[in-house]
Amino acid sequence: MALTLIPFAAPTGGAASFGTALQESDMTKKMILAIAMATPLMIALPAAADGDHRAKAIAVIKKDFQPRGQASLDRLAEDGLQAVCNRSGNKPPKYIADKMEADQMAGVKYPADGKLMGDWKEGEKIAQSGRGFTWTDNPGLPVGGNCYNCHQIAPKETSFGTIGPSLYQFGKLRGNTAEIQKYTYGKIWNAKAFNLCSEMPRFGHAGALNEKQVKDLVALLLDPESPVNK
Amino acid sequence: MKQNFIGALCALAVMGGAFAQTPKKPAAKPAAKAAAAPAAEATDAATLEFEKFRAEMEDSNPAELFEMKGQEQWKTKRGPKNVSLAESCDLGQGVGKVDGAYVKMPRYFADADAVMDAERRIVWCMVEKQGFKFDDIAKKPFQVENDSSAPDITNLVTYVATHSRNTKIDVPLNDPKVREAYEVGKEIAAYRAGPYDFSCNTCHGADGKRIRMQNLPNLSTPQGAIKGVQGWPGYRMTGGVMLTHQWRMGDCFRQQRFPQPKYASDAVTYLLTYMIGTANGQVYKGPGIKR
Amino acid sequence: MADPMKIRAQMKGDVAEIRILMSHAMETGQRKDAAGANVPAHFIQTITVDVGGKRVIDGQTGTSISRNPVFGFKMKGAKAGDKVVVNWVDNKGEKRTDEAAVA
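Protein sequence lines correspond, in order, to chains A, B and C.
Taking our numbering, the leading residue of the first sequence gets 19, the next gets one more, and so forth.
Taking our numbering, the leading residue of the second sequence gets 14, the next gets one more, and so forth.
Taking our numbering, the leading residue of the third sequence gets 537, the next gets one more, and so forth.
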């Protein structure tokens with residue numbers, strides 16, 4: 019029996035619109051049917067997102083938010099990646115994750131000069147700053163990395179969060195090769211290129227951090243002189 | 014039908030492994046355990062001292078000042094209709110009855126044909142029974158640092174909440190309309206969007222997490238949910254302001270880089286139904302106090 | 537008159553535990569408002585506490601005390617039923633007096 023796997027969501031660049039709930043559930047049905055038929059070994063299926071309640075939630079969100087400051091209403095529309103992660107309870111089927119991670123990776127902008135490490139002292143300042151993108155933030159000011167909100171990084175900073183893993187001795191444990199630098203840069207630019215539904219924001223992709231800022235963060239993590247690696 | 018279909022598939026499904034967090038590409042495998050494993054809950058000396066201070070302060074929580082004002086406002090004839098809330102407002106336990114009312118909301122109110130949380134219901138009473146205008150209340154519903162006093166609604170919420178202190182949370186989830194609100198709220202909590210792909214669950218979906226040194230209750234469990242719920246309404250010592258649960262929902266969305274939820278809207282009520290409903294059976298010890 | 541205080545006074549053995557919660561902005565004069573201007577100083581300057589007709593505290597307070605302050609102290613020589621009278625005056629001349637009985 020020939021089956022076509024129907025694409026689950028719009029490509030990553032596009033913004034999905036509201037009110038496509040019915041369409042989504044048809045596609046979801048087909049997709050699930052396709053998986054069931056094509057893969058004898060059952061994989062973990064998205065039980066998490068209940069279609070009807072999710073559709074209602076999207077409708078309620080659409081009607082009950084108002085723009086404020088720089089936080090405009092278009093922020094509420096899921097992009098393709100968010101839709102996949104939301105619908106699958108952050109556990110998308112592997113073949114979808116693989117494809118979409120590759121899409122995300124294709125969008126990572128590596129520095130044209132090929133230098134991926136900047137100044138770790140600047141990196142520490144960026145990691146400390148939680149500023150940016152909220153409706154109380156000044157859109158003209160640089161956005162911070164927010165890093166300490168979720169991670170342990172340099173040992174002197176004891177006020178760190180635990181939403182993400184510790185990054186202490188990040189470079190010491192991995193070395194400082196070109197490959198590791200590329201991985202680190204890519205991860206900060208777009209964590210979803212490595213783990214589709216990661217909790218970590220896509221700082222470069224979202225326009226939060228620029229190339230210089232990401233280089234400085236890479237240095238914070240990988241420079242042997244950085245306190246992270248002492 | 015779709016639900017049953019998925020259900021059947023899931024019954025057959027072999028549970029795949031948890032999605033790997035480690036990177037796929039680099040050759041050098043990082044040590045699985047980092048050099049220093051950070052303590053999950055913030056239990057350092059500073060936090061413990063603060064907890065002691067907080068326990069002392071709870072005995073004389075400045076929230077009581079707002080409760081006193083709220084009590085007066087509840088009993089006074091006010092608004093264009095010159096009626097008191099004590100004689101006109103039914104919070105679900107009978108007209109004027111405040112004991113135990115806060116912990117039994119959100120609930121469905123037939124006269125409004127809506128599921129409402131405590132703050133929203135009191136606002137409804139102020140509008141429908143006393144004749145105040147919703148837009149006037151919604152224009153400035155929360156106290157800010159420069160205000161010498163809190164809005165009326167904050168005082169009233171504090172008064173009503175105080176009368177549920179040491180009572181078990183009892184959101185009527187058996188009511189189909191409340192259950193529906195709960196399920197939709199649960200989906201809202203899971204909805205990742207915005208430039209950082211944040212949902213409520215990003216911060217509040219697991220045990221033992223904190224942001225900087227602020228412990229994050231896991232709102233998907235009763236034990237975690239009550240930690241979130243009983244802080245509200247709460248007196249925040251920074252800035253000396255009294256803040257409500259509605260306020261907190263809005264400020265979370267701000268930090269998620271979302272736009273702002275409309276005051277006392279369904280989006281907020283459904284989220285509160287999910288959060289407070291999850292805490293059913295746990296004892297409410299609010300109003301709270303915060304740093 | 538300014539907002540009322542909340543006074544709690546309780547005998548624990550032969551010691552009276554007294555807690556006073558005051559409603560006051562307690563502005564130091566250093567804080568800047570949203571527009572960048574200094575919020576003028578507005579703080580309690582004197583507090584007196586009388587228990588059972590006797591003055592037990594006569595204090596001067598300054599700008600280091602936070603908004604909506606709580607004052608707590610213990611004393612001997614009081615008994616249940618004694619009246620606790622608290623009075624404060626701030627730098628603008630506003631004042632407030634409240635009382636409660638020792639439980």
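Hints may contain errors.
Label pairs and their computed distance ranges (CB to CB) [unchecked claim]: (1) B:Glu-141 x C:Phe-609: 23 to 31 Å; (2) C:Lys-619 x A:Gln-84: 26 to 34 Å; (3) C:Arg-567 x B:Asp-188: 43 to 51 Å; (4) B:Lys-88 x A:Gln-84: 31 to 39 Å; (5) C:Ser-602 x A:Ser-177: 35 to 43 Å.
It is worth saying that the hints were derived from the structure and are not from the lab.
By construction, the Cβ of each residue, glycine as well, lies at the ideal position given by its N, Cα and C atoms.
Verification of the hints:
no.	hint	verdict
1	B:Glu-141 x C:Phe-609: 23 to 31 Å	47 Å, violated
2	C:Lys-619 x A:Gln-84: 26 to 34 Å	53 Å, violated
3	C:Arg-567 x B:Asp-188: 43 to 51 Å	47 Å, holds
4	B:Lys-88 x A:Gln-84: 31 to 39 Å	34 Å, holds
5	C:Ser-602 x A:Ser-177: 35 to 43 Å	22 Å, violated
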